[in-house]
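Asker: Kindly produce the complete structure, drawing on both the sequences and the hints.
One-letter residues, chain by chain:
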Amino acid sequence: MIKLRKKIYFSKKAFFVIAVLGLLISSCGNRKYVVPNCTLPSGVNIEEALAHSREDLGHLQCETMFDSYYRRLIEVAKRDPGMENKRRFSEFLEWANDEGIIDKIQARSYYNRYFNTTFISLTDDFNVCSSCSETTQKEIEIQLEEELRQKEEGLLRACRDKNAYYAAADQYNSILLLLDATCTACRN
Amino acid sequence: MRKLKSIEFSVSRRGRLFCRILVIFAVFAIAGGEIPATAKQSPTIRLFPTTVVENIKHTGQAAKAMEEDLQDVIDRLNQQEELYMASKCEGAQAEPGCREIASQLGQTYLEMLNLMENRLPGMEDSVRATSTSLESRIRKELGRKTTLRGLQKLLEKTPQGATDQRPYKRRSGRLSEKFRQYYRLVAMGPRTGSGGSLAAVAAEIYLDTQEVQDLIALTRDEISRAKLMIDLDQAYGIITPEMFEMVGRVKTILFGETGEEEGIPGPPPGNTKAEYQSPLEM
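Heads up: the sequence lines are chains A and B, in that order. According to my numbering, the first sequence holds residues 458 to 645 in order. According to my numbering, the second sequence holds residues 812 to 1093 in order.
Don't take every hint at face value.
Stated by the list, open to error - Okay, the calculated bits of chain A under chain B, using three or more residues with CB under 8 Å as the criterion:
1) 533–545
2) 563–569
3) 577–583
4) 633–639
Claimed, not checked - List time: in silico DSSO-like cross-link candidates among lysine-lysine, alpha-carbon distance up to 30 Å:
5) B:Lys-951 / A:Lys-595
6) B:Lys-1062 / B:Lys-899
7) A:Lys-561 / B:Lys-956
8) A:Lys-535 / A:Lys-561
9) B:Lys-868 / B:Lys-1062
10) A:Lys-619 / B:Lys-964
11) B:Lys-1038 / B:Lys-1062
12) A:Lys-619 / A:Lys-535
13) A:Lys-619 / A:Lys-595
14) B:Lys-875 / B:Lys-1062
15) B:Lys-868 / B:Lys-964
16) B:Lys-875 / B:Lys-1038
17) B:Lys-964 / B:Lys-951
18) A:Lys-561 / A:Lys-619
19) B:Lys-964 / A:Lys-595
20) A:Lys-561 / A:Lys-595
21) A:Lys-561 / B:Lys-964
22) B:Lys-956 / A:Lys-595
In case anyone wonders, no lab produced these hints; they're calculated from the structure. Ideal Cβ placement from N, Cα and C applies to all residues, glycine included.
Answerer: Structure below.
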C-alpha cells in the first residue's frame, strides 16, 4: 500500500516537472528576445520626440544614452520652439528621475543649464577666494561661457524667451566682473 | 509670627521662581522670534563704509582739479599738433615755419609734463587709498564671506529698474565724471537697497582704480624719461612720436576713451517674469 502511494506521489511530481519544462520550452520558442533599438529622436515635433525618447529610455540598454537623447531633444525643440517647452522638458526630466534613469541633482542640472537664468556652474560649497587661483578662475569662466551657450539654446532658441535669456546674459557679465574684482582682491 | 515669616518667605521664593520662569519664557520668545528672522536674512554685505565713500569723493575731486589744470594745455597741444600735421612738417623739420611750430609744441609739451608731475602724486595717492580700502572690503565681504553661487544670488536681489542705467556697465569718459557718478551711486545705494548693483559698482571702481594706478605709474616713468630727454637734447624743436603717445596716454587717464562699449546685451522691453516655473528650478 505504501509502495503504491509513493509511486503515485513520484509520478505526480514527474508530471509537474515535465509540464513546467514544456511550458518554458514552448514560451521560449514563441517569444523572441527583443534587443531595444536605441534611436535618437528626430523630426520637428517635440511632443513626438519626447514620447519616442520615453519609449526608448524605458529600456535599460538605452539609459546610458540619456545625455545624447537630451541633447537631441533640445535640437528638436529648437525646431519646434515655444514657451511651453520649459514645462515639457521639466516633466520629461522629472519622469526620468522617477524612473531612476537620472538622479535629482542631474535632473536639476539638465533643467537649469538650459531653461533657467541661474548658473549651475557656480558652486555653493566654498568661498570665492578659494576659487581664485588663475587656473580655477579660468575654468569657471569657461564653464560659465559654456552654460550661457546652453541657455541660449534652451531659453532663446527652444523657448523664445528673450527676456530670460537677456537676464541670464546680463548676469553672466556681472558675475564675470564680480569674479574678476574679487579674485584680484583675494590674490593681492 | 514665625508662620507669617515663613509665608512671606514662601511668597518671595514663589515670586522669584515666577520671575525666573518669566525671564526664561521671555528669552525663548525673543529667541523664537529673532533667530529665525536673522536666519532668513542673508549676511549683510558692507562694501562702502564712510571711509571708502570719502576716498571715492576725494579721488573725484582730485581728478577734477587735474583735468581743469590740464584742459587748457591739452587743447593748445591739440591745436599745435593739428597745425604741425596740416603744414606737412613731418620730414621737413628744417623749414623755419615748422621749426617754430615744433618749438612751441615742445614748450607746451614741457608745460604739460610739469603740470602733470605736480598733480600726479596727489592723484596717485588718492586712487591708491580708494583702491586699498575697496580691496580689503571686497576681499572680506565678497571673497571670504560669499560663495560663487552667493555672488549670483547677490545680483539676483538687485531690483529691476532700481537705477536708470545698469551700473555694472564699464564706464568710459572723464575720470572725474566717473568718480562723481560712482560717488552718487555709492552715496545713494543704501537708500535704494540695491545690494547687487552696489557689489557690481564696487567691483567696477576697484578694477578702474587698478587700471588707473598702472597708467599713472607708467605716465610718471614716461614723464621722467621725457624730461630727461628734453634736458639732454634741449630738444624743444624735435617732435618725437613719444610726445604724441604721451599726450594720448594723459588723455586716456583723464578723459577716457570714447566709443568704448561693453557687450552686455540689453533686454527687450516687457515683463521679465517667466510664465512657467519648474519644480526643478534653483
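Asker: Next, verify each hint and record whether it holds.
Answerer: Here is what the structure says about each hint:
1. With a threshold of 8 Å between beta carbons, the proposed coverage of the segment 533–545 of chain A by chain B holds, since 4 of its residues qualify and at least three are required.
2. Only residues whose beta carbon comes within less than 8 Å of a beta carbon in chain B count, and the segment 563–569 of chain A has 4; three or more means the coverage holds.
3. Restraint check on the segment 577–583 of chain A versus chain B: 6 residues with Cβ-Cβ distances below 8 Å, three needed, restraint holds.
4. With 6 residues bearing a CB less than 8 Å from a CB of chain B, the segment 633–639 of chain A meets the requirement of three and the coverage assertion stands.
5. Distance restraint check for B:Lys-951 and A:Lys-595: the Cα-Cα separation of roughly 22 Å lies within the 30 Å cut-off, and the hinted pair is therefore satisfied.
6. About 24 Å separates the Cα atoms of B:Lys-1062 and B:Lys-899, which keeps this hinted pair within 30 Å; it holds.
7. With a C-alpha separation of about 28 Å, the suggested pair A:Lys-561 and B:Lys-956 falls inside the 30 Å cut-off, and the hint holds.
8. Between A:Lys-535 and A:Lys-561 the alpha-carbon distance is near 25 Å, which keeps this suggested pair within the 30 Å criterion.
9. At most 30 Å may separate the alpha-carbon atoms for a hinted pair to count; B:Lys-868 and B:Lys-1062 meet this at roughly 21 Å.
10. Proposed proximity of A:Lys-619 and B:Lys-964 is supported: the alpha carbons are some 21 Å apart, at most 30 Å.
11. Taken as a hint, the B:Lys-1038 and B:Lys-1062 pair is honoured in the structure, with Cα atoms around 19 Å apart against an allowance of 30 Å.
12. Annotation: proposed proximity of A:Lys-619 to A:Lys-535 holds, straight-line Cα distance about 14 Å (limit 30 Å).
13. As the CA atoms of A:Lys-619 and A:Lys-595 are separated by approximately 28 Å, the hinted pair is consistent with the 30 Å bound.
14. At roughly 13 Å between alpha-carbon atoms, B:Lys-875 and B:Lys-1062 fall within 30 Å of each other, so this suggested pair holds.
15. At most 30 Å may separate the alpha-carbon atoms for a hinted pair to count; B:Lys-868 and B:Lys-964 meet this at roughly 29 Å.
16. With a C-alpha separation of about 25 Å, the suggested pair B:Lys-875 and B:Lys-1038 falls inside the 30 Å cut-off, and the hint holds.
17. Proposed proximity of B:Lys-964 and B:Lys-951 is supported: the alpha carbons are some 17 Å apart, at most 30 Å.
18. Simply put, A:Lys-561 and A:Lys-619 have alpha-carbon atoms about 28 Å apart, close enough for the 30 Å limit, and the pair holds.
19. Between B:Lys-964 and A:Lys-595 the CA atoms are separated by roughly 21 Å; this keeps the pair inside 30 Å, and the hint holds.
20. Restraint check for A:Lys-561 and A:Lys-595: satisfied, since their Cα atoms lie roughly 28 Å apart, inside the 30 Å limit.
21. As the CA atoms of A:Lys-561 and B:Lys-964 are separated by approximately 22 Å, the hinted pair is consistent with the 30 Å bound.
22. Between B:Lys-956 and A:Lys-595 the alpha-carbon distance is near 21 Å, which keeps this suggested pair within the 30 Å criterion.
In this structure, none of the earlier numbered hints is contradicted; all agree with it.
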